[in-house]
Amino acid sequence: MQHASENWWVSGLVVLLSLIIIGKVLSAQRGRVPFIRRIPGLNAIDEAVGRATEMGRPVMMVPGISGLDVVTLQALSIFSYVARAVARFGNKSIMATIDPIVTGVAEETLRDAYADAGRPELFEESDVRYLTGQQFAFATGVAGILIREKVAASFLFGAFFAESLIFAEVGQQVGAIQVAGTTQTNQIPFLIAACDYVVIGDEFYAASAYLSRDPTLLGSIVAQDYCKLLLLGIIFIGIICTSLLSVIHGGPVAHILHELVDLLKVK
Amino acid sequence: MFTILAGLQAAPRRSRKAIIAFFTFLGGLYFALEFFYPAPGGENFLTGYQPLVAGLGAVIGSFAIGLGVFSLVQLHLRTLSRLRPGWGYSVVLLVSFVAMTVFGLMNEYAPGTTIIPSAGSLWQSQNAHGMFRFLFSGGLSNLGSATFSIIAFYIASAAYRAFRLRSVEATLLMAAALIVMVGSVSFGTWLTHGIHPKLSDGSENPWANLRIENIAQWLLMEVNTPAQRGILFGLTLGFLATALRYWLSLERGAYFDKEL
Numbered sequence: 019m020q021h022a023s024e025n026w027w028v029s030g031l032v033v034l035l036s037l038i039i040i041g042k043v044l045s046a047q048r049g050r051v052p053f054i055r056r057i058p059g060l061n062a063i064d065e066a067v068g069r070a071t072e073m074g075r076p077v078m079m080v081p082g083i084s085g086l087d088v089v090t091l092q093a094l095s096i097f098s099y100v101a102r103a104v105a106r107f108g109n110k111s112i113m114a115t116i117d118p119i120v121t122g123v124a125e126e127t128l129r130d131a132y133a134d135a136g137r138p139e140l141f142e143e144s145d146v147r148y149l150t151g152q153q154f155a156f157a158t159g160v161a162g163i164l165i166r167e168k169v170a171a172s173f174l175f176g177a178f179f180a181e182s183l184i185f186a187e188v189g190q191q192v193g194a195i196q197v198a199g200t201t202q203t204n205q206i207p208f209l210i211a212a213c214d215y216v217v218i219g220d221e222f223y224a225a226s227a228y229l230s231r232d233p234t235l236l237g238s239i240v241a242q243d244y245c246k247l248l249l250l251g252i253i254f255i256g257i258i259c260t261s262l263l264s265v266i267h268g269g270p271v272a273h274i275l276h277e278l279v280d281l282l283k284v285k
Numbered sequence: 014m015f016t017i018l019a020g021l022q023a024a025p026r027r028s029r030k031a032i033i034a035f036f037t038f039l040g041g042l043y044f045a046l047e048f049f050y051p052a053p054g055g056e057n058f059l060t061g062y063q064p065l066v067a068g069l070g071a072v073i074g075s076f077a078i079g080l081g082v083f084s085l086v087q088l089h090l091r092t093l094s095r096l097r098p099g100w101g102y103s104v105v106l107l108v109s110f111v112a113m114t115v116f117g118l119m120n121e122y123a124p125g126t127t128i129i130p131s132a133g134s135l136w137q138s139q140n141a142h143g144m145f146r147f148l149f150s151g152g153l154s155n156l157g158s159a160t161f162s163i164i165a166f167y168i169a170s171a172a173y174r175a176f177r178l179r180s181v182e183a184t185l186l187m188a189a190a191l192i193v194m195v196g197s198v199s200f201g202t203w204l205t206h207g208i209h210p211k212l213s214d215g216s217e218n219p220w221a222n223l224r225i226e227n228i229a230q231w232l233l234m235e236v237n238t239p240a241q242r243g244i245l246f247g248l249t250l251g252f253l254a255t256a257l258r259y260w261l262s263l264e265r266g267a268y269f270d271k272e273l
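Chains as they are written, first to last, in the numbering used here: chain E, 19 to 285; chain A, 14 to 273.
Bound conformation, chain E alone (with noise of 0.2 Å):
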């Protein structure tokens, strides 16, 4: 396992990050609630719950193949709040997942966004499916689904690999408006070439703030701007002293550019 012993700075600099995240949120939480901006793949969520409800036929959720992480938790998190929408409107929805843990957390997820929205009579325990642990045979079991239910409305939020073009192609063929999000980055050209809306890197974290308009996760997603421009800051000076380096040899100056340089560089 890697420790903090082992480079001290970027340890403290993950310190130091938390912290901003922790004084945000705790100062948002205090009444100064901070502006996001609008992020369009979330909009379409009404819009395509809504476009279920009048084709009368189902939404499809899916959290992702990992198991409960924070990822997964996440992807809950928004699924809470199509869940409500789908409730307001007297929608049927269905979720399918791949881990038995994932499948009690998400039952009570939407038991509860069912009963918020006043429709606790609508939510069925058949409505969270767990299919199967094994990659491809979930695959598999989801493409069955969106296509015996002709599923008019499909969201894929959370951690997805190789089958996640299995999950949009199968929803484009049955002709679902689909809205995807998710953390793997080698997944995100596959999804925006299939998928109508796209969740793109660190919208998916801000996907519950925006929904929600909670004052903790504004102030987290907001700490998060700063903590990025921090970074930027650390990756400039870093470029800045390689390109002296170039140019400046022997001297003081040039130990002190490479003991930056050093100090900056990741190991």
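Since the hints were derived computationally from the structure, they do not count as laboratory data.
Just so you know, not all the hints are guaranteed correct.
Every beta carbon over 10 Å from chain A, so not counted as near; a handful from chain E, in silico [claimed, not checked]:
hint	residue
1	P52
2	S84
3	T203
Mimicking DSBU-like on lysine-lysine, the simulated pairs with C-alpha atoms at most 35 Å apart in a straight line are [as the list claims (entries may be wrong)]:
hint	chain 1	residue 1	chain 2	residue 2
4	A	K30	E	K246
5	E	K283	A	K211
6	A	K30	E	K110
7	E	K110	E	K168
8	E	K283	E	K246
Stretch by stretch, here's where chain E covers chain A in the computed footprint (C-beta under 8 Å, at least three residues) [unchecked claim]:
hint	region
9	72 to 80
10	220 to 232
Every residue, glycine too, gets a C-beta built ideally from N, C-alpha and C.
Based on the hints, put chain A in the right spot on chain E.
Okay, now just chain A, sitting in the frame of chain E:
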């Protein structure tokens, strides 16, 4: 764990949130302490407990597998009993489930048990190990590979829809995709094979940078990779912020504001 759950049920509603927050913090504290505590030689006094902590997670996961299997079987038995549309698939699932369970257990505990006796020259006998291999390696693995191979066709259909010359950006995307695809196959290498990598004096030919496979490599290493790294910066910070919110129970929402 049962003690914690029992205590949670017995505790007054007002204090349940604090109890959950405390145990959540405690659970994450091990990893934070193990990371930050000095570790000369790559280990500190907490590193040795890592297998135990991982094992605890596996035990909780194994409880959940039972729930998942029960939920799956219940759903399909209900479909079968009411002969709902698609009940045939439920039959296939239940038969496959029972077969894999039985032969999987037999493969573990009695692999030599004869399942199908020999019929002279017609067929050889099959034992439990052979049946398990037939179902797993012959069935499940090959079906998984077949499903994976469908992606090749889906990539073609997705690319056909996505690569349209609608705007300047779409044209650039199409051009880059074309160069990378052609540069990855022998036909592309043949197109620019006339540009020699070395000059007559043995030095590097600067014009070799225009060989299509080199342009493709440049696009992947100098354009695509930095873009992915930029996205990764944001994702990593998002992961850190979300993990901190869950660990310190700063989150207000689906898991913390409901009646406990």
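- Query: Among the hints numbered above, which are violated by the structure, and what are their numbers in rising order?
  - Reply: 3, 10
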